[in-house]
Structure formats: C-alpha cells, structure tokens
Amino acid sequence: MENEKSLLADPEVLRELILDHYQYPHNHHLMQDGTFRSVHMASDSCIDDITVQSVIENGVIRDIRFDGVACTISTASTSMMTDLLIGKTIDEAKQIIHEYMNMTDGKPYDEEMLEEAVALKNVYRQANRIKCATIGWKAISQMIEESEEK
Amino acid sequence: MIDVEKIRNDFPMFANNPGLIYFDSAATSLKPQCVIDAVTRFYTHHTSNVHRGDYDIAALNDRLYDGCRKKVAGFINCDPEEVIYTHNISHSLNQVSLGLAHTLKQGDVVLTSMAEHASDLLPWFALARDHGIRIEYVPTDSQANISVSDFEKAMHEGVRIVALAHVTNVLGSVNPIKEIAEIAHRYGAIVVVDGAQAVPHMKVDVKDLDVDFYGFSAHKMCGPGGVGVLYGKKQLLNDLVPVFEGGDMNARFNKDGEVIYKNPPVRFEAGTPNIEGIIGMGAAIDYLMSIGMDEIEAYEKQLRAYFVEKMKQLDNIELLNPDNASGPITFNAKGVFAQDAAGYLASQNIAVRSGNHCAKILHEITGTDQSIRASLYFYNTKEEVDRFVKAAAEISLENAVGIFF
Chain A
1 MENEKSLLAD PEVLRELILD HYQYPHNHHL MQDGTFRSVH MASDSCIDDI
51 TVQSVIENGV IRDIRFDGVA CTISTASTSM MTDLLIGKTI DEAKQIIHEY
101 MNMTDGKPYD EEMLEEAVAL KNVYRQANRI KCATIGWKAI SQMIEESEEK
Chain B
151 MIDVEKIRND FPMFANNPGL IYFDSAATSL KPQCVIDAVT RFYTHHTSNV
201 HRGDYDIAAL NDRLYDGCRK KVAGFINCDP EEVIYTHNIS HSLNQVSLGL
251 AHTLKQGDVV LTSMAEHASD LLPWFALARD HGIRIEYVPT DSQANISVSD
301 FEKAMHEGVR IVALAHVTNV LGSVNPIKEI AEIAHRYGAI VVVDGAQAVP
351 HMKVDVKDLD VDFYGFSAHK MCGPGGVGVL YGKKQLLNDL VPVFEGGDMN
401 ARFNKDGEVI YKNPPVRFEA GTPNIEGIIG MGAAIDYLMS IGMDEIEAYE
451 KQLRAYFVEK MKQLDNIELL NPDNASGPIT FNAKGVFAQD AAGYLASQNI
501 AVRSGNHCAK ILHEITGTDQ SIRASLYFYN TKEEVDRFVK AAAEISLENA
551 VGIFF
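Protein chains in written order, with the working numbering: chain A, 1 to 150; chain B, 151 to 555.
Note that these hints are calculated values from the structure, not bench results. Certain hints may be false.
Unchecked claim - These stretches of chain A come out as covered by chain B in the derived footprint (C-beta under 8 angstroms, 3 or more residues):
1) 17 to 23
2) 65 to 73
3) 126 to 135
Claimed, not checked - From chain A, some residues computed to sit far from chain B (all C-beta separations above 10 angstroms):
4) 8
5) 59
6) 106
7) 107
8) 114
9) 145
Glycine residues also receive a C-beta, built at the ideal position from the N, C-alpha and C atoms.
The following block holds chain A by itself, in its conformation from the complex:
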C-alpha cells in the first residue's frame, strides 16, 4: 500500500497512467442489450462526443461502459471512472464522485479514495480542460440520479 502510494506521487507514473487509459481504455465497448441505460454526452464547446452506459440494480453499480470520440483527458478520466465505480454502491459512488469533482475544481480531496484517478489532479489549472476531465463523470452522476428517481 505504501509502495503504491509513493508510485501515485510520481508524475512520470501518472502521465503513463493517462496515456495507458487513453490508448487502451477500460470498459470501452458499448452493449446493445436492453439492461443498460445510456447517456450521450456531447460537449458544446469542443468536439468530445461520448456515450456512457450503466447497469444499476438494487443500489449497486453492476457495470459501466463507454465509447466515443474524445481527447486524452476525456477518455482517460472516463476509463478511470469505470474502474473506480463498477461494483460500488450508489452511496460509495457518490462519495468518490464528490471527491473527484473537488479535485477537478482545485479543492481539497481524498487521494486514497480516488486511486489512479489522482493522475488528473492538475487538470483544474487549465480551465478549458476541466470539462474534458468531468464529461464521463457527469454522465454516470446523471444515471445514478435517474436510478434513484425510479
């Protein structure tokens, strides 16, 4: 654990993580079966255009998928989001999302809770890229809210 922590403090490692999630995104394949809900996110200020799918049952996120055209930050941040939130309860997921949004807003956040997603900790310094870092996260938030309205 200590070892892993120090690795996540190394900028080289963090940069590699982003590149890796961009070039080989996780859960990057949309499903056609009807159990998945979909949200299409098209940025109106840039050309990012992604679709995020999820299965939320009995208050647990069973699966998340995504695909689309997007920059490194959008793709990597959404890929990391799927890793972090699959298998979590809605309450756990909301906590993680809250911490992540704090980080991308330049506010204090819980590093441990965000695991690899701390790679995106400096994005807030470039205001025009915050949208990239949060596009997939907003999609899953929307689906969590919808699952609660049911």
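Dock chain B against the given chain A, drawing on the hints supplied.
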C-alpha cells in the same frame, strides 16, 4: 513591403504578452492602438446617442457614425447607402435569409457548399425548416476549392440563392466569386457572399465581383467586437424585409399600427447601434488602408508559403490544405487528438484553435472532424513561424499529456 516591427508596435497585445504567438486571427484579430483610442475617446470625450440629439456632441457622433459608411464604401467600393451596419456576419446573413424569405416559395433551392461556416448554413437551414426551401451543395475538391465548371453544372433554374464564402474559414480556399456571380445571374439567382475571412486579408471590390449581398465582421479586421456590415445592391434593399423593428428605423407610425419606414440602410438598423464600435471600425479601415490591402495580402501570402514549406518537412504533421494560397494553415499531428495538440501548443505560449471551427459538415469533404487551425495576419513574423514549427515538431501524445505535470 510591410515593416512588421513597426506594425507590431501599434498593437499593445504584443507588449502586454511578451512571447505570445498569436496565430488565431481567423477567430478574431488583435486591435491597434488607434482603434482602441477611437472607441475609448467616445466614452471619455464625446458620448451621446445618434440621430436623436440637438447638441454639438450628438452632431459630432452623427457625422462620425454616418461618415463611417463612406469609409466602408470606399473600402469595398460601393455606395454609402448600400452599407448596412449589423452586429456581426451571422447577423448580416440572417438579415439576408429572413429578409428574402418572402420572395421564395417551397422547393426553391439555396446552393451552398459543405465547407461553409455555421453562419452561412444555419440561416438557410432555417429557411428549409420554416419555408420548405431545398439546400443543395456545390461539389469541392479535398481542399474545399470550387471550380467554375463544377459550379456551372450545379446551377439550374430552381436555384434562387447562391450562398458561399469568399474565402473559407478552415481551409482558406478562395471561391471564384466573380465567375460564380456571372453564372448565377444568368439564371436570375441572388448571390450572397460571406466575406468574413476575405475582407481582412485582401482588397474586395463588390462592384467588380457583381455580388448582390456581401457581409463581414469588424472584429476580424482590427476593429471592435459587435460590429458587422451587410452590403446590399441598392435596387435589392427595398425588397428586403427588416429582421428587427424598433427605434430609429421608422419615420412615422400611428395607433393603427401603420408604419412608414426610413429608407435603407437605416431601415435595417433598429435600436441604438454600437456607435463606438462603428466609429472604431472606421478607425480600423483607415488603419488597414494606410498600410494597403495589396501589401497586406502579399505579405501574408509570402509568410504563409514559408510556413507551409516548413510544416511540410515535419514527419508528425499532416496538412489539410497545403496547396491553398490563402487563409489558415490547417493540420493534425499524427495520432494526437486536436485539442490535446492545441493544449501542448498553448503550453508553449502559442494561441491556435482546435476542433471543427464551426464548419461542422466540412468533414464530408476532408474526412476528419477535427484539426488545428493556425491563422496568420500581417502582424505575424517569420520568427514566430520558426518558433511555431519547432513546437509543432514536438507535438506528441506524451508531450500533450506531459503539460499536466
């Protein structure tokens, strides 16, 4: 030839942003001190409305405001009464599309191209939606050039309006407007030209082109924001319906709603206009004419050719418009998303635009829905191009992500 160092001293943005390479003039140009002064003097020395006051300052502003029409007329070679002030090119083109809608019937065709900016497509799409007009596209080559023969083939009796850019905003192709107008007029069609990317960079003569309507924005030609121009042939302006109704544009009205309008061009300028912006546009025209539009065009073409040659030598760069002689240099870095590449350039203090540049169906021509656009103006230098090319050579996925660490 242009003395670029002297010119750069006219633009305070350079002194205030040392090291900045501003290659985004197709989005908006920098402003010279004389334009800034003309705008601020209105606030500090001679604020008033126009066409409403009986005092000296108001009379001065009437003179400056209406006098600017003469400057525009001299600049593009038309009659001052054919110069309509608008807020930008989108406004200009909407005034034409909505103003002519009553002359069109279902099935009439507007002929345009897939290289057009949203400002020259959406006004026509709205006519298609609301009035049953049909949109047709003239074919282009892969760098958005239209040949006269292709245009001639695309023309037919059903085409009532031809709407094209003079210079396209992403690939910089120059449409043969004079020849196009000649052919279109044989069919009785009206020719509407988006000159936003042309007027700042070359001498435009609307009489020689023989176009019916021609629009542009001041902010891309060293002028203030919020000001545009619509040129319209005098004999067509009486049939053009004003988009906005309100102050100044009317002569009389009564309680029964009967309105007598003022004559064009004021008929199309409802409400208090952007007076200081229009005065500033006049200063921008004086400034550009003092340098000379032919000199500006020659300098930019030479700088652009140098830029293209340098960029061609880079293995990591794919140019989308290497054979065009005007407009932006548009490219992608292989394997790097355009916004990531622009982010890397920004980290090197270089301003460019990335994405689809409002030309959202251009991908039908180029096959890519994203690119980086580096656009020059007469205040840019060879040294800036050299620095830019050096940075462009370094665009890679690793470097693009590296800016966050």
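Here's how the hints hold up against the structure:
1. 17 to 23: holds (count 4)
2. 65 to 73: holds (count 5)
3. 126 to 135: holds (count 3)
4. 8: holds (13 angstroms)
5. 59: For residue 59 of chain A, whose nearest Cβ neighbour in chain B is about 35 angstroms away, the distance exceeds 10 angstroms, so it holds.
6. 106: Holds, since 13 angstroms exceeds 10 angstroms.
7. 107: holds (17 angstroms)
8. 114: Non-interface label on residue 114 of chain A holds, nearest chain B Cβ at 15 angstroms vs cutoff 10 angstroms.
9. 145: Nearest chain B Cβ is 28 angstroms from residue 145 of chain A, so the label holds.
This entry satisfies every hint, going by the numbered hints stated previously.
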